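K.L.:
So the chains spell out like this:
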Amino acid sequence: DAGVIQSPRHEVTEMGQEVTLRCKPISGHDYLFWYRQTMMRGLELLIYFNNNVPIDDSGMPEDRFSAKMPNASFSTLKIQPSEPRDSAVYFCASRGGQALGPQHFGDGTRLSIL
Amino acid sequence: QKEVEQDPGPLSVPEGAIVSLNCTYSNSAFQYFMWYRQYSRKGPELLMYTYSSGNKEDGRFTAQVDKSSKYISLFIRDSQPSDSATYLCAMSAGGSEKLVFGKGTKLTVNP
Chain A
1 DAGVIQSPRH EVTEMGQEVT LRCKPISGHD YLFWYRQTMM RGLELLIYFN
51 NNVPIDDSGM PEDRFSAKMP NASFSTLKIQ PSEPRDSAVY FCASRGGQAL
101 GPQHFGDGTR LSIL
Chain B
1 QKEVEQDPGP LSVPEGAIVS LNCTYSNSAF QYFMWYRQYS RKGPELLMYT
51 YSSGNKEDGR FTAQVDKSSK YISLFIRDSQ PSDSATYLCA MSAGGSEKLV
101 FGKGTKLTVN P
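So the protein sequences, as listed, match chains A and B. Here this note's numbering is used: position 14 in the first sequence is 14, and no number is missing along the way. Here this note's numbering is used: position 12 in the second sequence is 12, and no number is missing along the way.
Hints were generated in silico from the structure; no laboratory data involved. Be aware that one or more of the hints could be misleading.
Now the in silico label distances, taken between C-beta atoms and shown as ranges [as the list claims (entries may be wrong)]:
id : chain 1 : residue 1 : chain 2 : residue 2 : range
1  : B       : S52       : A       : P84       : 34 to 44 Å
2  : B       : E15       : A       : H10       : 25 to 35 Å
3  : B       : E45       : A       : E62       : 27 to 37 Å
4  : B       : K98       : A       : H10       : 19 to 29 Å
5  : B       : N110      : A       : K78       : 21 to 31 Å
6  : B       : K42       : A       : E62       : 34 to 44 Å
7  : A       : P102      : B       : D78       : 21 to 31 Å
8  : B       : G94       : A       : R110      : 27 to 37 Å
9  : B       : P111      : A       : P61       : 36 to 46 Å
10 : B       : P81       : A       : R110      : 24 to 34 Å
11 : B       : E45       : A       : G59       : 39 to 49 Å
12 : A       : G59       : B       : G94       : 31 to 41 Å
13 : B       : A29       : A       : Q98       : 21 to 31 Å
Cross-link-like lysine-lysine pairs, in silico, DSSO-like; alpha carbons within 30 Å at most [to be verified]:
id : chain 1 : residue 1 : chain 2 : residue 2
14 : B       : K2        : B       : K56
15 : B       : K42       : A       : K78
16 : B       : K106      : A       : K68
17 : B       : K70       : B       : K2
18 : A       : K24       : B       : K106
19 : A       : K78       : B       : K98
20 : A       : K24       : B       : K98
21 : A       : K78       : B       : K2
22 : B       : K42       : A       : K68
23 : A       : K24       : A       : K78
24 : B       : K98       : B       : K2
25 : B       : K98       : B       : K56
26 : B       : K42       : B       : K56
27 : A       : K24       : B       : K67
28 : A       : K68       : A       : K24
29 : B       : K67       : B       : K106
30 : B       : K98       : B       : K67
31 : B       : K42       : B       : K106
Only part of the chain B face toward chain A is listed, based on derived beta-carbon distances under 8 Å [said to hold, decoys possible]:
id : residue
32 : G43
33 : M48
34 : D66
35 : L88
36 : G102
37 : G104
Predicted model, so just to flag it, every value in this text is computed and none were measured. Glycine included, each C-beta is placed from N, C-alpha and C at the ideal position.
Take these sequences, add in the hints, and give me the full structure.
P.N.:
Here it is in structure tokens:
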């Protein structure tokens, strides 16, 4: 079974550039989550979707961040313009619709903004 | 006060030792408690899951929840070098999809 697939695994770009992170959830999963992990703040939920609809985006830090889920098998997290403080590891996770089901995480995108 | 507090360690133990990892929390609405294990450069993976107070055992791992003290623990018996990882506690309120994570404790088990 393929797990959650994220791309790219690493991204290094200059401040001000647009960054797009991609996620393919596990087939059949109804929920998709985007997290950010830093040493200072740990793992934080940014936004989550249910059946492709954004449910809670209260964790999105600023208007520079946006997320979309155009279909059940694909989601993007975009940062425009990027800033050095956005440097972090970004994780995508998905889970099935059963009650209390576990979240399955991808291996993350390590983002460095110079 | 942060919602979830976890000692970042690092914690270094010899192989075969019993390991105790802990988190405290402040939100009394939390009802679901989880422990995730994260290997270097990998995503977190669910290790243990408990609802409300009590103990749960799975092989060498035991999770304990004390809601009256707002304190949760993970015990690892007969620790192995393969247990070397960062352990994250996570919790959520009833009916909520939002997991709140501790910052993680880095554990090294030395052969």
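K.L.:
Which hint numbers doesn't this structure obey?
P.N.:
5, 6, 11, 12, 16, 27, 33 and 34
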